[in-house]
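Below are the chains, spelled out letter by letter.
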Amino acid sequence: MQQEKSSPDTARKKRIALSANSGKKAQKANHSTHPIVQLQNVKRIYTLGENKIYALNGVSFAIKKGDFVTIMGSSGSGKSTLLNMIGCLDLPSSGKVKVNNVDLSKLDDDGLTAIRRNNIGFIFQQFNLIPTLTALENVEIPMIFNGESPARRRKKALAMLKNADLPLEYANHKPNEMSGGQQQRVAIARALANNPPILLADEPTGNLDTKTGHNIMELLKELNAAGTTVIVVTHDPKLEEYAHTTIRIQDGEIIE
Amino acid sequence: MMRYELFIALRHIRARKRQTILSVAAIGIAVMILMVSQAFMAGFTQELYSKTVYNLPHVIVSPQDGDDYIHLYKNIVDKINNIDGVIASSPYLVGEASFKFKDNTKNAALKGVMPSRENAVAHTKDDIIKGNYDELTYSDKSIIVGDKFAEDMELDIGDNVEVSFPNANPVSLKVVAIYDTGTALDESLTYISLHKAQDFYDTTDVINGISLRLADFNRDREIAQMIEDYGYNAAGWTDNNPEILRTIAIETVSNNVTLGFILLIASFGVVSTLNMVVMSKVKEIGILLAMGASKSSIRFIFLIESGLLGLAGAVLGTAAGVTLALSIGTYPLPEGVYGLDSIPVVVRAGDVLTIITIVFLLNLFAGLYPAQKAASLDPVEAISTH
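Chain order of the listed sequences is A and B. Residue numbering for the first sequence follows the numbering used here, starting at 1 and increasing by one per position. Residue numbering for the second sequence follows the numbering used here, starting at 1 and increasing by one per position.
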């Protein structure tokens, strides 16, 4: 994986200035004790032939608005299932999941889609950019789903890419023409496209070298400082140092 | 604003050039075959009609039951001419006669007609290959024979043939024209003037049949019925020549079955191509779903793709098919083998539109399954397992 150059300080200041607006809101949110994600005795059971597998076995916790949370667990611990629950991609077999105070169990497919679109930005280990689209178009996609006008979304997408420290000459490159770190920056810009209150990252540094990984985590930290609730799912203990809160999961249960 | 579904569908199509070309080609070839065979079918049907119905009297009126002749025929001819849809009528007197030229003898039908009226009904003039049809009008002592008849009798233009029959007044008639219809009539039917025929058979001014030409040959039964209501016997060409209708019907059915199968094959090609596209796009569909695309959007994307592929295939196939059909139509056939100069080809705008519409709709329909499959993907599985 190719290393990327760290961004100059001026760009960083500009970026923080750009997100100053949402920052004010976030400070208010920080003071509220109102949880943005809430799980109550959540169970997720997969049936494999005659065996029942408890991917989640009675998980309860709450994540405050504006928090930076890592969900730690080894593979098979149930952390991916947990991520799918929070990301409104999956529903629990029993128990309750509330995102932004909406009970997911009461929603149908379209309702889940709408919640997902307006509240969650996804960042994946594999970046998961759409290979046929340019960096700019990838960032525009969620805004298109949200019905933004072409001119507005182009402008906003460029700002998002700048915010994520992607050199602008890459805006019209396809994913396979970019390094891993650059792709992850595009993915972060895409995740933020609709200004979701929650950023959900699944092993965001898993495919990056240490230095690039560090830069990406710093970026997430800045976004958190600007008000976004960041939830990182990982098995890498090194990521703990960026977070305010750590939730440990093992065999489908919270252990700490 | 361009719908993003269209945008993504176009991207898919452009990103997978080879598959796109292959599936468009598959549909295109099927459409081309459809187009060409449709043009052939239309051409052969038209040829069949022009060989038969075009020259056939559409309705034939014969004497009342028990009568040999139609007396005072001018009356009924006037009445018939006033029927809406009748564009020409030709009274005639037909009988049998023996012909002799040198040592050759032959029996054939002798049909007395009013030349211009007969031509108006049966386009007799179009079939003349030698001589002058109008001589029949100018000279009473003229006869027109078929080319087969002339060949058998070793006759040519200007020869005098002896015509006789029991109870008839023998006469010598000069051959003024030779016709060729490509049918059995060429051997068995001769034309003289109506007046001469009445002389020959020694009758008063009577006839034993009227042939009619209609504006729309499909109304033959209806008009025959109207004439029957006047008290005469009348029959349409479909009753006189049921084998023509049967031939056309069999042709049409067998052609439609073949065309249907070709279309089916083409549509399966689209289903499998799109299915492959869906399989290769599983992860992307998952990402789109995770980013907030609705299931109906995903379905719509793949429906657009199949519709566009179908439309492109249909348009290209039509262009290729029409070109091919028209160029086949100009290819000369060896003379006299099939009785045709070239393969008859007819390209009708209606057929073209119908084929394009059917192919487009069929492709949309074929796209339903892959589109539904894409829409029902589970985003979690789609992202994590691919």
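The hints are simulated quantities; they were obtained by calculation from the structure and are not laboratory data. A portion of the hints provided could be inaccurate.
What the hints assert, rightly or not - Partial list, computed: chain A residues near chain B (C-beta under 10 angstroms):
1. ILE120
2. GLY121
3. ILE130
Just so it is clear, CB atoms sit at the ideal spot from N, CA and C, and this is done for glycine as well.
Going down the list of hints, with the structure as the test:
no., hint, result
1, ILE120, "holds (8 angstroms)"
2, GLY121, "holds (9 angstroms)"
3, ILE130, "holds (5 angstroms)"
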